[in-house]
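Build the complex from these two chains, which are given one at a time in their own frames, with help from the hints.
So the chains spell out like this:
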Amino acid sequence: MLNTERKPITGKRVQLMATCLCDAFYDDVAAATVQVLEYLGVEVVFPEGQTCCGQPAFNGGDWAASRKVVRHTVKTFAGEEPVVVPSGSCAAMMFHGTVLEFENEADLGEVEALGRRTWELGDFLVNGLGVKTWPGRFEATVAFHRSCHSRGTNSSSAASTLLGSVAGLKIVEFGEGEQCCGFGGTFSVSFPNISASMGALKLDHIRAVKPDVLVSGDMSCMMHLGGLAKEEGKPIKTLHLAQVLREALKNGKLL
Amino acid sequence: MRFQQIDQFAAELKADTRAAVYDGSKKGHEKRTKLLFDEYADPDRLRRIAGEVKQHVVENLDTYLPQVEAKLKANGVIVHWAATAEAANQAVLGIMRARGATKMVKAKTMVSEETELAHFLEKHGIEALETDLGEFIVQIDGDHPSHIVKPIIHKNRREIATSFEENGLGAYNDDPQTITRRARHFLRHKYLEADVGLTGANFVSAESGRLVLVTNEGNSRFCLAATKCHIAMVGIEKIVPRDYDLALFLNLLARSGTAQELTVYTEFISGPKSPTQPDGPEEMHVIFVDNGRTEVLASDCRDILRCIRCGACLNVCPVYRQASGHAYRSVYPGPVGAVLSPLMMGDKFPQKADLPKASSLCGACHEVCPVNIPIPDLLLRLRNRAKEENVPSPGTPPMGAWALLASQPTAWRASLFGGKIINYLPTKLLPIPALRAWEAKRSLPAWRGGEFRKWLKTRKGRANVSPPAPSRAEAKKAD
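Protein sequence lines correspond, in order, to chains Z and D. First residue of the first sequence: 1, per the working numbering; consecutive thereafter. First residue of the second sequence: 256, per the working numbering; consecutive thereafter.
BS3-like, lysine-lysine: derived pairs with alpha carbons at most 27 angstroms apart: (1) Z:K210 to D:K281; (2) D:K675 to Z:K237; (3) D:K683 to Z:K234; (4) Z:K230 to D:K683; (5) D:K712 to Z:K250; (6) Z:K12 to D:K709; (7) D:K712 to Z:K75; (8) D:K675 to Z:K68; (9) Z:K210 to D:K282; (10) D:K289 to Z:K170; (11) Z:K234 to D:K675; (12) D:K709 to Z:K237; (13) Z:K253 to D:K709; (14) D:K712 to Z:K253; (15) D:K642 to Z:K68; (16) D:K683 to Z:K237.
Derived DEER-like restraints, expressed as beta-carbon distance ranges: (17) Z:A64 to D:S554: 17 to 23 angstroms; (18) D:Q432 to Z:A64: 57 to 63 angstroms; (19) D:Q432 to Z:G175: 28 to 34 angstroms; (20) Z:L40 to D:N411: 54 to 60 angstroms; (21) D:S554 to Z:E139: 51 to 57 angstroms.
Keep in mind that the hints were calculated from the coordinates and are not lab data. This one's a predicted model, so the numbers in the text were calculated from it and none came from an experiment. All C-beta atoms in this analysis are idealised placements derived from N, C-alpha and C, irrespective of residue type, glycine included.
If we strip away everything but chain D, and leave its shape as in the complex, we get (with noise of 0.2 angstroms):
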C-alpha cells in the first residue's frame, strides 16, 4: 500500500457521506463554542480544572475503586469486576440467566460497543434491542456507529427511512418526526416485554455511589421504568471524587458533546429499590469493566482516561470530517479514538498503529478537550512508540539520512546548493515517494537553496555577523 488505509478510505468515500459527517460535526462544534463562550467568562479554566479532577482520579483509582464498591454495596448493588470484554459480557449473561431472562433493553452505552455485547447476547439467544435512536438505526442496520455521541452522523434520513421501510417500520417515508414516532412506537412494547434494562453510567460518585446517566431521548428511563432488573456496564474510569464535581462535569459535557446547558434528562441513581426509594428495578447490578484501560493507565498516555466521551474533538478534527468515524476501524473514531484504540490492542497494538498517524496535528481537538487532554503529544508518542516497535509506516518519508545531513553543517549547505538540480528535473516522474505525494496535489516551490545565507554574507553596508560553524571534529567530540 502506497499510502495510509485512513486516507485511502476517505478517497474512496461517499460523497453524500462525507457530506453529512461533515455538516454534522462543524455545526456541532460551532454550536459548541457559541455556547460556552456565550456562557462563560473563561471556559478554558473550567476545562483545566475538570482535567485535574480526573487525571487526579486516573491516578488514584486504586483508592477510589475500593471506595466506590463499598458504597455501591452499601446502597445494595451487586458489583461485578470484568479484566476483559468477554468476562463482562460473560457477566451480563450470567446475570440474565440466573433470572431466566430473554429480552433487554439497552440504553446507549459505548463500553458496551467495545464489548459486542447486543451480539454476544444474540448468539446466547437473548435479544437485546437498542433504544437509542441511532443505535437502533445501527442495529436495523448491521451498522456500526461512526462518532461518540451521535451513531449516526453518517446517514441521511434518506437512507434512515430506506431502511425503516426494509425492516417492516412502515411505507418509505423521510420526515424525521414520523421516523422518530415509528420508532417509538415499535419501542414502547418492547419496554414492557423486557426483564433488563442495561446502561452505562456517565460518572459514578465515590462519595455516594451514584450513578449518573445523561440522555436526551429519555429512553434510559424507560429501560429502568418496567424491568425489575438493571445492570449497568461501566468502565474503570468514569469515577468522579464526590457528588460536588459533578456540577462542574456536567455542565461541560452537554455543552461540549451537544451543546446544550444540560441535556434533557439528567438521572442520578442511588440503587436498586427500596423502602426509602419506593421506584424502580429491584435488583442492580453494576459490572466495572477493564478491557484494556489498566494497560492504558501503566503507559505514558494515561491522560486519555481522563476523557469523558462528549466527541468535541471528534467534531472539531478536520480528519474526521474528511474521513468519517467508520476509517478508523475502531469503536472510538477521531482522536480520542486514534490515541485510545491502538493502546486498548494490548500486543496488538501494531494493527491499529496508524490510526495516531491520521493527524495534521493541528490541536484543534486538545484546545475544546472538556478535561483538557494533550491528544496531539499523546498522538506523537505513540507515533514514537510505532516507530520504536518497527512498525511500518506506509507513505512515512524515512528520516535517518535527514537527520544525519541535519546534523552536519557542511553537509547541510553542500545539499542546499546541490539541492537545485531539483529545478531542471522532470520532478513529477522521480522515484521519490513523498515527493510524488505532494506534486500529485501540489506544486513545489523554486528550490532556492543556500540564497540567503549568499544574500547575508554579499549584502552592502552591513558586516558578516556569522560566527563560525563548530568544525567537524568538534562536533564529534560534542556527540
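Isolated chain Z (complex conformation) (with noise of 0.2 angstroms):
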C-alpha cells in the first residue's frame, strides 16, 4: 500500500519541491505554485540545491543511481517543514518510490521521514490546509486528467474538489479516465510506439468532449499529451493545476 500519512500541518510555512520538469520546462508552473500557496498566507522555501526527486532512475532500474539522488534530495528538504510538489508523480516517489528502493539502506528512516512530511500540492491546499472552495473565476471547460501516480491518494479528489468549485469553471468526463496516458518517464522513450498509441487513445477521448482546456496536476503527462498533439498539427491547451487557480484569482482581482 502506498504510505500516505501525513504529518499533521503546523505553522504557515513549506519547502517547495519545483521537479525538474518545472525546472528545465515550465516555470510557470512553478511560479503558479508559489503565488497559489502565498495567497493562502503561506510562506514558501525554495531550497536552492534542489534537482530531482530520484525517479527517472528508479523507474529505468537504475537504483543505485537514483539513492544517489534521493540522498541528495533528503539533505536539500533538511527541517521540519511539509514538502510541497506540484506534481503526484514525484509526490509517490518522495513517500513511495523511495521507501522501496531504501528499503535494505540504513538511512532507510530518513528518506521515510522525508515522504511524511511532502505533500503533492493539490492535496496539500485541501487534506492539509483544508481549503475546500478557490476563489476567484475561470471561463472554461475544462477536461482533468487523473495522473496514474496519483492512484490511491487523495489527490486526484483533491483537485476535482478545487476545481469543481471555481466559478464559471465546468468540468467534463471522458472516456477511460482511468487508463495512463502512455508517458510512463523513460517508458516513454523505450516503447516510443505503445506509449504513442495510448497518447493518440487518451486524445481521442479528450478530444470528444471539446473542452476548451486539459488540466492536470502532472507536467510529465502533459508535456507527452500536448507534445503528440502538437507533432499530430492539432495542439490542445494544457495547464497544471496551479495555473487554473492562479488565474482565477487573477480574474477575480484578488491577486
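Okay, structure coming up:
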C-alpha cells in the first residue's frame, strides 16, 4: 500500500520542491504554485540546492544511481516543514518509491521521514490546509486528467474539489479516464510506439468532449499529451492545476 | 535493436488483432468494475483480505503442503511431486502408461501450458485433446493462448471459422453458435473415447483436501464423467487454508476474471469414486508442480505467488491492450506475466528481463488485482535486478551521468542554463537516442531552464527565501 500518512500541518511555512520538469521547461507552473500558496498566506521556501526526486533512475531500474539523487534530495530538504510539490508523480516517488529502493539501506528512516512530510500540491491545499473552495473565476470547460501516480492517494479528489468549486469552471468527464496517458518516464522513449498509441487513445477521448483546456496535476503527462497533439498538427491547450487556480485569482482581481 | 522487443511487436501487430485484444480486454475490465462496485460497498477491502490470506499461504507453504498431502491421501488420492516441467510431464506419462491409456481429454489448465503437456504427450503417441473451446481452437490452429482466461482474445470469429474449415469441421460459417455447436459435436465422442481426464485446480483446501475447479463450459465435468482416471496438475501455490476461505476467493475470482457473480460450473472434488461417493473416476492423481515457484518464493517478488490467474490485470493494462499477449513470449502475459515469466526462467532470467520494462507503471494492475499484488513494485524490483545483472536494455537512457549531475547543485544549475542551447539546435537530427525517440512522436517544449529560479529572485515585493545550497565540500563530506 502507498504510505500516504502525513504529519499534521503546523505553521504556515513550506519548502517547495519545484520538480526538474518545471525547472527545465515549465517555470510558470512552479511560479503559479508559489503564488497560490502565498495567496493563502503560506511562506514558501525554495531550497536552492534541489535537483530532481530521483524517479527517472528509479523507474529505469538503476536504483544505485537513484539513491544517490535521493540522498542529495533528503539533505537539501532538511528541516521540519512540509514539502509541497506540484506533481503527483514526484510526490509518490518521495513517499513510496524511495521507501522501496531504500528498504535495505541504513538511512531508510531519513528517507521515510521526508516522505511523510511531502505533499502533492492539491492534496496539501485540500487535506493539509483544509481549503475546500477556491475563489475567483475561470470561464472554461475543463477536462481533468487524473495522473496515474495519484492512484491510491487523495490528489485526484482534491483537485476535483478545487476545480469544481471555481466559478465559471465546468469539468467534463471523458472516456476511459482511469487509463494511463502513456508517458511513463523512460517508458516513453524505450517503448515509443506503445507510448504514443496510448497517448493517441487518450487524446481521442479528450477531444471527443471538446474541452477548452486539459488540466492535470502532473506536467509529465501534459508534456507527453501536449507534445503528441502538437506533433499531429492539432495542438491542445494544457494547464497545470496551479495555473488554473492562479488564473482564477487573477480573474477575480484577488492577485 | 533500437527499441524494446515488445514495442517492436506492438508496432508490427495487425490492426485486426489489436482491435480484438483491445475490445475484448476493455469490455472485460468495464464489466468487472461495474459488477464489483454495484454489489459491494468496499470491494477494495475484499481484495486486501484475500491478498493477506494468500500471502499467509505463500509464506507458510512448508506447513501447508504436507498438510494438504496428508488430506489428499486420506481422501484416496495419489499425490506426486514434480520439481520441473519435465518431471510433471513424465509423471503424467507414467500414469497413462501404467493404465495402458492412449487418449486424454484436457480441461483448461495454465500449469499444463507451462509444461507444454499436450505437445509432450503427442510426441509419445498419446492423444491429448483440449476441451475448453478457446484452447481447442488454439490447439487446432497450432497457436498459443494470448490471455490466461480468454486464450483466443486475439482472434475474431472469421479467423476461427476459417480454421474450422481447414480442420474438417464443416464449411465456412462464422456464426458463433454454429462454431460452438460444431466443436461440441466433435468433442462429445472424444469424451467417451478417452481413458484419462486431466484438469488443473483453481484452489485446493488444506483443511479438507478438496480441489475446486471453476469453468463456464462444463467441459471439466465431462472430462471427469466418462473417464476412469482423473489427473490434476496443480501449482504448489494454489492452496487456501480452509474451505471457508473459498467464499471469498470464488466471489473475487469470477467477478475479476469474467465479470460473473459465479462461474457457471464450480466443482468441489474430494477424491476418487468411493462407497460414499458413487460417481466419478475410480483413480485420482494430484501432481503438485514447482517449475520455478520455489525460486520465486525465495526472491523479493514472492508476492506474485498470490496470483489466482483471473486475468484482470491483463484486461486493464494499457500496454497489454496495445501489444497483445503474444508480445510477451511467455505462457503468462500482461502485468502478472511480466513479473512471473522472467522469475520462472531461473538462471535464464536475462532472456525475459525486458518484460518488466513493458509498463508505464500506471498502477492499474495493482488497483484491480483481487489479491492486491503490488505488481508495479515487483516490476521495479525486477528492473533493478536486470540492471544489477548488467542485462542490456535497448532504448533505456543511461542514468549514471544524470545521477552525477542531479547530486551536484552547482553543476545542475549550470546545465539548466546551458540546456537552452537545445532551443537553437535541430533536435530531430541530434544523435541522442532518447531525444530521437521522443521527437519521433512528440514535440519538445521550449527549454526554459533556470527561468523559475530567476523569477523567484527578481520578482518585486518579495524577499528571496532561498537558503544557500550546501557547498561542494560539504556535500562531499556528507556522501
